[in-house]
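Mind docking chains B and C on chain A? Use the hints.
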Amino acid sequence: MNHFTSAHDVTDIDHLIERTLAFKANRYTTGTEGRGKRLGLLFLNPSMRTRISTQIAAENLGMHTIVFNIDKEGWQLELTDGAIMNGTSVEHIKDAAPVLGSYFDIIGVRTFPTLANRDADNNEELINALKKYAGVPILSLESTTVHPLQSLTDLATIAETHTMKTRPRVVLLWAPHVKPLPQCVPNSFAEWVTKWDKADLIIANPQGYDLNDKYTKGATQLHNPENALRDADFVYVKNWSAYNDYGTLPAVSGDWLLNEELMKLTNNARVMHCLPVRRNVELSDEILDSPNSLVTQQASNRVWAAQAVLSELLKQTK
Amino acid sequence: MNHFTSAHDVTDIDHLIERTLAFKANRYTTGTEGRGKRLGLLFLNPSMRTRISTQIAAENLGMHTIVFNIDKEGWQLELTDGAIMNGTSVEHIKDAAPVLGSYFDIIGVRTFPTLANRDADNNEELINALKKYAGVPILSLESTTVHPLQSLTDLATIAETHTMKTRPRVVLLWAPHVKPLPQCVPNSFAEWVTKWDKADLIIANPQGYDLNDKYTKGATQLHNPENALRDADFVYVKNWSAYNDYGTLPAVSGDWLLNEELMKLTNNARVMHCLPVRRNVELSDEILDSPNSLVTQQASNRVWAAQAVLSELLKQTK
Amino acid sequence: MNHFTSAHDVTDIDHLIERTLAFKANRYTTGTEGRGKRLGLLFLNPSMRTRISTQIAAENLGMHTIVFNIDKEGWQLELTDGAIMNGTSVEHIKDAAPVLGSYFDIIGVRTFPTLANRDADNNEELINALKKYAGVPILSLESTTVHPLQSLTDLATIAETHTMKTRPRVVLLWAPHVKPLPQCVPNSFAEWVTKWDKADLIIANPQGYDLNDKYTKGATQLHNPENALRDADFVYVKNWSAYNDYGTLPAVSGDWLLNEELMKLTNNARVMHCLPVRRNVELSDEILDSPNSLVTQQASNRVWAAQAVLSELLKQTK
Numbered sequence: 001m002n003h004f005t006s007a008h009d010v011t012d013i014d015h016l017i018e019r020t021l022a023f024k025a026n027r028y029t030t031g032t033e034g035r036g037k038r039l040g041l042l043f044l045n046p047s048m049r050t051r052i053s054t055q056i057a058a059e060n061l062g063m064h065t066i067v068f069n070i071d072k073e074g075w076q077l078e079l080t081d082g083a084i085m086n087g088t089s090v091e092h093i094k095d096a097a098p099v100l101g102s103y104f105d106i107i108g109v110r111t112f113p114t115l116a117n118r119d120a121d122n123n124e125e126l127i128n129a130l131k132k133y134a135g136v137p138i139l140s141l142e143s144t145t146v147h148p149l150q151s152l153t154d155l156a157t158i159a160e161t162h163t164m165k166t167r168p169r170v171v172l173l174w175a176p177h178v179k180p181l182p183q184c185v186p187n188s189f190a191e192w193v194t195k196w197d198k199a200d201l202i203i204a205n206p207q208g209y210d211l212n213d214k215y216t217k218g219a220t221q222l223h224n225p226e227n228a229l230r231d232a233d234f235v236y237v238k239n240w241s242a243y244n245d246y247g248t249l250p251a252v253s254g255d256w257l258l259n260e261e262l263m264k265l266t267n268n269a270r271v272m273h274c275l276p277v278r279r280n281v282e283l284s285d286e287i288l289d290s291p292n293s294l295v296t297q298q299a300s301n302r303v304w305a306a307q308a309v310l311s312e313l314l315k316q317t318k
Numbered sequence: 001m002n003h004f005t006s007a008h009d010v011t012d013i014d015h016l017i018e019r020t021l022a023f024k025a026n027r028y029t030t031g032t033e034g035r036g037k038r039l040g041l042l043f044l045n046p047s048m049r050t051r052i053s054t055q056i057a058a059e060n061l062g063m064h065t066i067v068f069n070i071d072k073e074g075w076q077l078e079l080t081d082g083a084i085m086n087g088t089s090v091e092h093i094k095d096a097a098p099v100l101g102s103y104f105d106i107i108g109v110r111t112f113p114t115l116a117n118r119d120a121d122n123n124e125e126l127i128n129a130l131k132k133y134a135g136v137p138i139l140s141l142e143s144t145t146v147h148p149l150q151s152l153t154d155l156a157t158i159a160e161t162h163t164m165k166t167r168p169r170v171v172l173l174w175a176p177h178v179k180p181l182p183q184c185v186p187n188s189f190a191e192w193v194t195k196w197d198k199a200d201l202i203i204a205n206p207q208g209y210d211l212n213d214k215y216t217k218g219a220t221q222l223h224n225p226e227n228a229l230r231d232a233d234f235v236y237v238k239n240w241s242a243y244n245d246y247g248t249l250p251a252v253s254g255d256w257l258l259n260e261e262l263m264k265l266t267n268n269a270r271v272m273h274c275l276p277v278r279r280n281v282e283l284s285d286e287i288l289d290s291p292n293s294l295v296t297q298q299a300s301n302r303v304w305a306a307q308a309v310l311s312e313l314l315k316q317t318k
Numbered sequence: 001m002n003h004f005t006s007a008h009d010v011t012d013i014d015h016l017i018e019r020t021l022a023f024k025a026n027r028y029t030t031g032t033e034g035r036g037k038r039l040g041l042l043f044l045n046p047s048m049r050t051r052i053s054t055q056i057a058a059e060n061l062g063m064h065t066i067v068f069n070i071d072k073e074g075w076q077l078e079l080t081d082g083a084i085m086n087g088t089s090v091e092h093i094k095d096a097a098p099v100l101g102s103y104f105d106i107i108g109v110r111t112f113p114t115l116a117n118r119d120a121d122n123n124e125e126l127i128n129a130l131k132k133y134a135g136v137p138i139l140s141l142e143s144t145t146v147h148p149l150q151s152l153t154d155l156a157t158i159a160e161t162h163t164m165k166t167r168p169r170v171v172l173l174w175a176p177h178v179k180p181l182p183q184c185v186p187n188s189f190a191e192w193v194t195k196w197d198k199a200d201l202i203i204a205n206p207q208g209y210d211l212n213d214k215y216t217k218g219a220t221q222l223h224n225p226e227n228a229l230r231d232a233d234f235v236y237v238k239n240w241s242a243y244n245d246y247g248t249l250p251a252v253s254g255d256w257l258l259n260e261e262l263m264k265l266t267n268n269a270r271v272m273h274c275l276p277v278r279r280n281v282e283l284s285d286e287i288l289d290s291p292n293s294l295v296t297q298q299a300s301n302r303v304w305a306a307q308a309v310l311s312e313l314l315k316q317t318k
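Chains as they are written, first to last, in the working numbering: chain A, 1 to 318; chain B, 1 to 318; chain C, 1 to 318.
Chain A extracted, bound-state conformation:
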């Protein structure tokens, strides 16, 4: 695994899940493999769980970590090749990347989509420039299209909760929100579950909110929560904005807030969410505070997933 920026970088998802759960059982299993190695964590956007869990994962492996909030402690990066930089961007990624690559053994980076320029977002300009110019493994901490560290955590949480003797029925359920959110988490979840191929994935969202079908091949697409939820073993609740009419919030018909009534349709499903969640907007108190909720367990597993990934990436460092 040269980089960890999407499911495409991973050849054996089950191996990564096993490693995640092995680190959970013993966080220092391989505690010295990162000794003398340095991880740079670059943030262009806010982060809590990803920021903290990745630092902890690196420390558990014996690595040194340096966090750099590019947006606040640095300056704006230019991503366009050939740009005449007479505007607001101060440094080109072509110059920053090789320097960062000389400082760090692995570079993690978070950058959110514009939700305005779909092509630019789909091009993953920052991630790809880092891959091209930094010369070290790149770790996505969520990018303009996907959030693979979250997806690995999600699959590990499903795997440790379900016996996996039967294929669980997993529903990715769109939820209401007050503003346009990225499609990264649902894109990535769909990509990982379908590639994993150990669960049946049903995606339910209002008309106008279908995800980019690049990520959803192999999943069943529905536009009605009731049909989707029937016999569900897991319900992954998440809001996202429209992909077709990019970044907008088309009018929604019907009630998409998961409640106890809808939960009765499920197979006593476990409810997942990547957090942060807006209570009583995306998901109700009654469900978040019920024993069906896996959200804390999911977030807590972020450490072990990051540790599994870093452990693999360390093999590519000099």
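Please note that a few of the clues may not be correct.
Among chain B residues calculated to face chain C with C-beta under 10 Å, some are [stated by the list, open to error]: (1) Leu21; (2) Ser53; (3) Lys72; (4) Glu282.
None of these hints come from the bench; they were simulated from the model.
Cβ coordinates follow ideal geometry from the N, Cα and C atoms, glycine included.
Here is chains B and C on its own, set in the frame of chain A:
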């Protein structure tokens, strides 16, 4: 000691003072007790001494520390139970706390009062929610009503400066300022000195600036600096805004800026301040630069007080 | 070496260059000399390379580092003696410095010039107050007049690139920019190269952009790029604003953007820049992407230069 969020959490103040001074004498006395333990320091407000001294204290004990500026690197937390989160807050403390509790062995947090909503400030919503939901010891780095790490430092500084064979006369003296400040430091100082009961505490402030009497029981309250300062051994200078007409700055009569003339009334008193201090507004150059000033010693003692507290809290970690 | 704030603090530049290149050859040469020592890095302004490379250098020496963004995580410092602090500054450097000096074994600090008040900038108020009041070695991370860590890196990069059997011809070439920049990097480069006295320094800039001659004594001053570039071995490209009409951008005649045509005048010169560089404004893609560019090597050497300096400063700590 399950938490360290006010004097109420402490059964034996003298023991904590002894530990503080023992760490000052030998910072590595118990240098391995924090090995493999992780401290999260969450800031919702600015901090210099508390931020740095607590990091150093943790490192001296062998702990790993992760600093997270929630206000700048994260997002706004919701504290109200049952809130419909369709406004500006992004994550409920009920969801954040257990996740943070799974990441850290001890959580330190700083949050300032609103100075607008007295009941909310008195309720210590954030500190109490963390205690309730995080499942790990909570360390106050100053909250909406008190600043116990500062108070422990203050008492240790008095104890190492005075022989303590006699009860020192300690004056908490209100000082002018240009804007409304929290009552946390004076509340906390009064609470600790009176609970400690090894010094006589006189509080002097203008009419309208009396502190919440919850914190000042056992102290003598005066509204005139001259009477208060007579024979003082220590003068703790500090501004605060009104508690009764909450967060306002009632008109002040008389001159409350400590000067050399007033100092003559004292028993060659040592002058204390928690810093930052506005020179020549709260306290004059002549006093701050005199040998009577303890302010640097106080601030420097912050490290050892934090180390004493962390050392106790570590006993509660798994 | 008591401090590292300008070339004046250094008695033997060649020794520092040798140490820089020795650490490059073996970053752990003296890996335990910083054990138990603590470096505080204080930022009043943004930084990427300096911030990260100095943290890494300290870690390589076994030191603990604490980064504190005074401007964002703290508050405004007052630098004027005797100030009545009823404005926006919250803490006087006279109070902050001894506290920081009690927390850290070495203090690094970055502060930019105002470019408005030339006398204040020339006085290096913050650096000098830290030297006076902190009681520990002060390390400049770029100040209001100079950037000595950058200059040491620059000389080490020249020394490792040139055989140094002949004196290289080094041209400091002014370049266009979109806004007024400090003179720190060119001041410092001129000061170091002339003190070093192992290279011929030619400074070329438009009329009105002459640097403070305090820094340029011993260099040849030209106002025309062609004459300057003839037979150059190194071209150090950098923008700066006017010193005489302080902080302004006087009208420029002629074309000062280094291009391949101008490069033909040189002795196949190596091109240097401290980064960040605005591509196609200060320096063209064709030159930055050519084998003549040393910019990544320069930035990468920042780690070893910082390590050499910290290693010397550690000798002054208790």
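Leu21(B) was flagged as interface toward chain C. Is the shortest Cβ-Cβ separation under 10 Å? 15 Å, violated
Against chain C, run the beta carbon of Ser53(B) and see if the smallest gap drops under 10 Å. This interface hint holds because 7 Å falls under the 10 Å limit.
Residue hint Lys72(B), partner chain C, criterion CB-CB below 10 Å: 6 Å, holds
Are Glu282(B) and chain C close enough, Cβ to Cβ, to be under 10 Å, as the hint says? Holds - the Cβ of Glu282(B) comes within 10 Å of chain C, reaching about 8 Å at its closest.
This entry does not satisfy hint 1, going by the numbered hints stated previously; all others are met.
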